[in-house]
Amino acid sequence: MHGTAAAFDRQFYAFLESSRRNLPPGTPGVAILGMAPSNVALYFATYHLAPTPVLLAPQRVPPGWILAVYGTDRPPGWKVITPVWKGVLMAPAS
Amino acid sequence: MNGLWAPLAGVATILLAAGAIGYLLAVDFAPSSCGRAERAGWGFALGLTLLAASVPVAFLAHMSPRWMAVLLLALALAFSLWRLRRTRGGLPSISNPKSKVQNPKLILLLLFLIAFGVAVYALRALTEPMWSNDYLAIWGFKGKVIFSAGAVPRRLFTDPSLAFSRQEYPLGLPFLYASLAFLLGRWDDHAMALLFPFLQAATLLALAGWLRRRGASRPVALGSAALLAQFEPLYSAFHTGLAEIPLSLVILLFGESLVDVLDRTDPRAALRLALGSVLAVSTKNEGLMLVAAGALICLLSGRKARSAFPRVLAAAVVPAAVLVAIGRLWKGALPLAAFEFGYLGPPLVFELLPRVREAVHTALFEVVLPAWPGLLPLAVLIAAGRGVPAGNRLLALALFCAAVYMLLPSLAVLGPEWMIRTSFARTTSALAPLTAAGIALRLGGGVSEGVSS
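Going down the list, the sequences are from chains A and B. Residue 93 in the numbering used here is what sits at position 93 of the first sequence, and the numbering runs on without skipping anything. So the numbering used here is basically just the index in the second sequence, starting at one, shifted up by 94.
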């Protein structure tokens with residue numbers, strides 16, 4: 001994790017880095033849930049997951065995108081692909 | 095700490111190599127009377143230009159950006175050596191009739207203060223990886239996308255969810271970041287922060303060296319560099335990673351070369367002005383404002399300086415306009431998202447005056463007046479100087495830009511107060527090197543070199 005700005009929220013950074021390392025190849029984008037939406041959190045997540053497109057707490061998740069859930073919530077209709085630091089990566093159940 | 099030193103040494107090596115090659119290349123840009131310091135300032139700017147340009151050139155040529163950077167630097171080195179061999183006798187000798195040191199203790203003190211300022215800023219810049227909001231949202235983000243994708247994805251200009259990244263901004267700094275990362279082999283936003291103390295050092299060299307060439311005494315030139323080196327509002331941890339520090343160097347180089355053109359100091363001044371103009375519009379949108387201000391100052395100057403207007407037009411305005419046109423063709427028509435230009439016409443024009451008042455009021459009472467302990471000595475120094483035309487023009491350029499930075503927030507979508515609070519101090523701090531050059535020249539310089547052959 002050396003050489004990366006993490007000071008904004010080190011736990012959230014560890015979650016993002018863990019998510020980035022576990023993303024399936026060719027993932028078109030990542031929607032993040034479980035982090036209170038704010039400009040700073042959006043900039044932080046977008047920067048760390050670049051070049052993969054990111055949406056923070058979106059109303060709708062674009063087709064094909066992965067859900068990265070920070071925390072213990074598990075939205076219905078999604079299945080866990082892999083656990084990550086303090087969260088999970090999820091894909092549509094069907 | 096093992097993880098930091100290797101990439102830090104890598105970035106230092108890249109920057110030193112680019113600066114050294116740029117130094118050799120600067121022989122063709124700098125006048126023959128130019129000293130080592132000024133040449134080093136221009137050389138570093140040239141070296142960084144080659145690095146940043148290597149990325150889009152590599153993408154266009156479908157080559158590896160790393161090897162393109164190596165190729166461009168090698169070609170620049172070969173060209174410089176060939177030119178030096180043709181002119182017989184290596185680098186032009188540095189001759190300065192005023193180089194006799196009158197007060198060595200004072201000079202040593204000033205050199206110590208300069209080194210102290212650079213060391214303190216290096217500590218600020220390198221204590222942690224670059225973290226500012228605008229670094230994460232704009233400059234670092236775009237550089238990282240370009241490096242990680244190995245391309246410039248169209249979504250950088252078209253994706254509405256990336257509107258926060260200021261899609262209309264130029265890509266000079268992101269290309270530079272990407273180039274450093276390609277050469278380093280990884281994205282390391284801690285080691286890459288070393289770029290910024292290097293930029294500070296280049297600015298100080300360009301300032302002191304130019305002042306010496308324009309007749310300032312050694313204590314005045316070094317004194318102005320020593321004061322600038324301590325200027326924390328510009329050289330701060332927060333600004334590390336943003337465009338203000340690179341832009342401050344570019345503004346200084348542009349201003350110096352502009353007054354060189356107006357004073358007809360040497361035939362290469364127009365070439366330097368063209369480079370300054372290209373760097374200005376490649377670094378930030380207000381680069382275009384700087385170029386326009388330069389042209390305006392030329393027109394408002396006395397008859398002799400005004401007669402240089404065609405040269406200013408050709409060297410500054412045309413390259414800037416061409417570069418902006420290329421950017422528009424490539425990226426499409428991207429509006430300045432932070433501004434609502436509808437306030438300049440009906441029906442919103444009636445709201446403009448209260449917005450101007452709000453912007454000026456906020457700037458004066460929340461930024462300018464609280465800074466009076468620093469601004470008062472500045473005013474005294476300006477008042478103490480002589481009316482040296484070149485110094486006056488540099489100060490006029492700085493004043494014009496500061497006025498625009500104060501008034502433009504009147505058109506801000508999120509309100510004048512918000513924009514003044516978030517950007518006025520930051521953007522005006524980039525005018526510090528230019529202001530320092532103007533003040534120092536009025537205090538102890540102003541000897542024009544006249545037209546050289």
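Be aware that a few hints might be false.
Anything over 10 Å on all C-beta distances counts as not near chain A; from chain B, calculated [what the hints assert, rightly or not]: (1) R179; (2) I201; (3) L230; (4) V239; (5) L256; (6) F258; (7) S259; (8) L382; (9) W424; (10) A473; (11) L501.
Derived CB-CB ranges, DEER-like [claimed, not checked]: (12) W512(B) - A93(A): 39 to 49 Å; (13) P62(A) - A168(B): 22 to 32 Å; (14) P62(A) - A155(B): 47 to 57 Å.
Keep in mind that the hints were calculated from the coordinates and are not lab data. Where is the CB? At the ideal position from N, CA and C, for every residue including glycine.
Evaluation of the provided hints:
Here R179(B) stays apart from chain A, with its beta-carbon at least about 41 Å from theirs, past the 10 Å limit. At roughly 39 Å from the closest C-beta of chain A, the C-beta of I201(B) stays outside 10 Å, upholding its exclusion from the interface. Residue-level check failed: L230(B) sits 4 Å from the nearest beta carbon of chain A, not beyond 10 Å. With a least beta-carbon separation of about 4 Å from chain A, V239(B) fails to lie farther than 10 Å from that chain, contradicting its non-interface assignment.
Here L256(B) does not stay apart from chain A, with its beta-carbon only about 8 Å from theirs, under the 10 Å limit. Listed as outside the interface, F258(B) is inconsistent with that label: its C-beta sits roughly 7 Å from the nearest C-beta of chain A, within the 10 Å cut-off. Taking the minimum C-beta to C-beta distance to chain A, about 8 Å, the non-interface status of S259(B) is violated against the 10 Å cut. Every CB of chain A lies more than 10 Å from the CB of L382(B), the least distance being 26 Å, so the non-interface label holds.
Every beta carbon of chain A lies more than 10 Å from that of W424(B), the smallest distance being close to 19 Å; the non-interface claim holds. For A473(B), the requirement that its beta carbon stay farther than 10 Å from each beta carbon of chain A is met, with the minimum near 37 Å. With a least CB separation of 26 Å from chain A, L501(B) remains clear of the 10 Å interface cut-off, as annotated. At roughly 43 Å, the beta-carbon separation of W512(B) and A93(A) lies within the given 39 to 49 Å, and the hint holds.
Roughly 45 Å separates the CB atoms of P62(A) and A168(B), a value that falls outside the hinted 22 to 32 Å. The supplied range of 47 to 57 Å is broken by P62(A) and A155(B), whose beta-carbon atoms lie about 34 Å from each other.
Hint compliance for this structure: hints 3, 4, 5, 6, 7, 13 and 14 are broken, all remaining hints hold.
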